[in-house]
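Asks: Sequence:
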Amino acid sequence: MRHPDWEKVVSAAARLQRHFPDAVLVGGTAASLHSGHRFSRDADHVLTDLRERFDEVLADLESVAGWKTARIRPPVLILGSLDGIETGIRQLVRCQPLETVEMSCRGERVVVPSLAETLRIKAVLILKRNALRDHVDFAALASSLGHDGTVEAMSSFDSLYPQENGQSATQQLLAQLANPLPGDLGQEGTRIFRGLAEDLQEWSAVRDRCKSVAVALFDGLSGPETFTESPSGRKAAQETKRSTGDD
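Letter by letter, the sequence shown follows residues 1 to 247 in our numbering.
Worth flagging that the hints you see were computed from the coordinates, not collected in a lab.
There could be a bad hint or two in this list.
[Unchecked claim] With a Cα cut of at most 20 Å, we get these calculated EDC-like pairs of lysine to aspartate or glutamate:
hint, residue 1, residue 2
1, K68, E86
2, K211, D199
3, K68, D55
4, K68, E56
5, K8, E108
6, K128, E164
7, K68, D5
8, K8, D44
9, K128, D44
10, K128, D158
11, K68, D44
Could you build all of it, start to finish, from the sequences and the hints given here?
Replies: Below is the structure:
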C-alpha cells in the first residue's frame with residue numbers, strides 16, 4: 001500500500017493499541033493490511049468488554065493527547081479522532097473472540113484479525129449492510145486466500161454467525177455473492193476508492209470475483225444437496241447456477 005496518509009492511519013491505530021492492548025483493528029484498514037488493495041482512511045477497533053467498562057474506556061481515551069470525541073452510543077460505540085485520523089472503538093458483536101495476528105507495517109505493530117477472520121467479518125458485513133467497500137474488500141481477501149483457503153475460512157461461518165431467523169448465513173451470503181448489488185453502488189463504481197489495485201478498478205471485476213467465490217463455496221461447503229434442503233438454500237443454488245450460466 002503506497003499512499004501518503006497510510007503511515008498516519010497505521011501509526012494512529014498502533015498508538016491506540018498501546019493504550020488499549022486488548023483492542024483489535026478491524027474494518028477496511030485491517031483488510032488493506034492483509035491484501036494491500038486500497039487506502040483506508042480510518043481505524044476502527046473492537047473490544048470484547050466495552051459494554052462492561054464503557055465509562056472507563058471513554059475517560060481513558062479523553063485523557064490521551066491528540067484524541068477528540070465526536071460521538072458516543074453507550075455502551076457499545078465511541079467515535080472520534082486520534083492524531084487527526086478517524087478512529088472508533090466498538091463492542092465486539094459476536095460471542096466468540098476473534099482469531100488475531102500481529103502485523104508489522106512501517107515500523108508499527110498492530111493486532112488485527114487473521115486473514116481468514118477478516119474475510120468472515122467482511123462476509124457478515126455484506127449480509128448486514130451490503131456496502132460496496134465490503135464487496136471490494138471481500139473480493140481482495142478471497143484472492144489473497146486462494147480457492148481452498150477461502151472455502152476453509154468460510155467453513156465455520158454458520159457457527160460463528162448464527163442468524164436470528166434460524167437460516168444459514170452461508171446460504172444467504174451465497175445468494176448475495178451470486179448476484180451482487182451493493183446498496184451504495186453509484187455510476188462511478190469502485191473508482192471512488194483511493195489507491196485501489198488495478199485489478200479491482202472496475203465494478204465488473206469485483207462482481208465477477210464475488211460470483212466466482214459463490215461458486216467455490218457452493219461446490220466446496222457440504223455440496224449442492226445440503227444447500228437445497230431449505231428455501232434459502234434453493235434460492236442460493238438458483239442464483240449461483242444463474243451466475244455461471246448453468247441454470
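Asks: Are the hints correct? Go through all of them and say.
Replies: Cross-check of the supplied hints:
no., hint, result
1, K68 x E86, "9 Å, holds"
2, K211 x D199, "15 Å, holds"
3, K68 x D55, "16 Å, holds"
4, K68 x E56, "16 Å, holds"
5, K8 x E108, "11 Å, holds"
6, K128 x E164, "12 Å, holds"
7, K68 x D5, "19 Å, holds"
8, K8 x D44, "14 Å, holds"
9, K128 x D44, "17 Å, holds"
10, K128 x D158, "14 Å, holds"
11, K68 x D44, "15 Å, holds"
No hint from the list above goes unmet by this structure.
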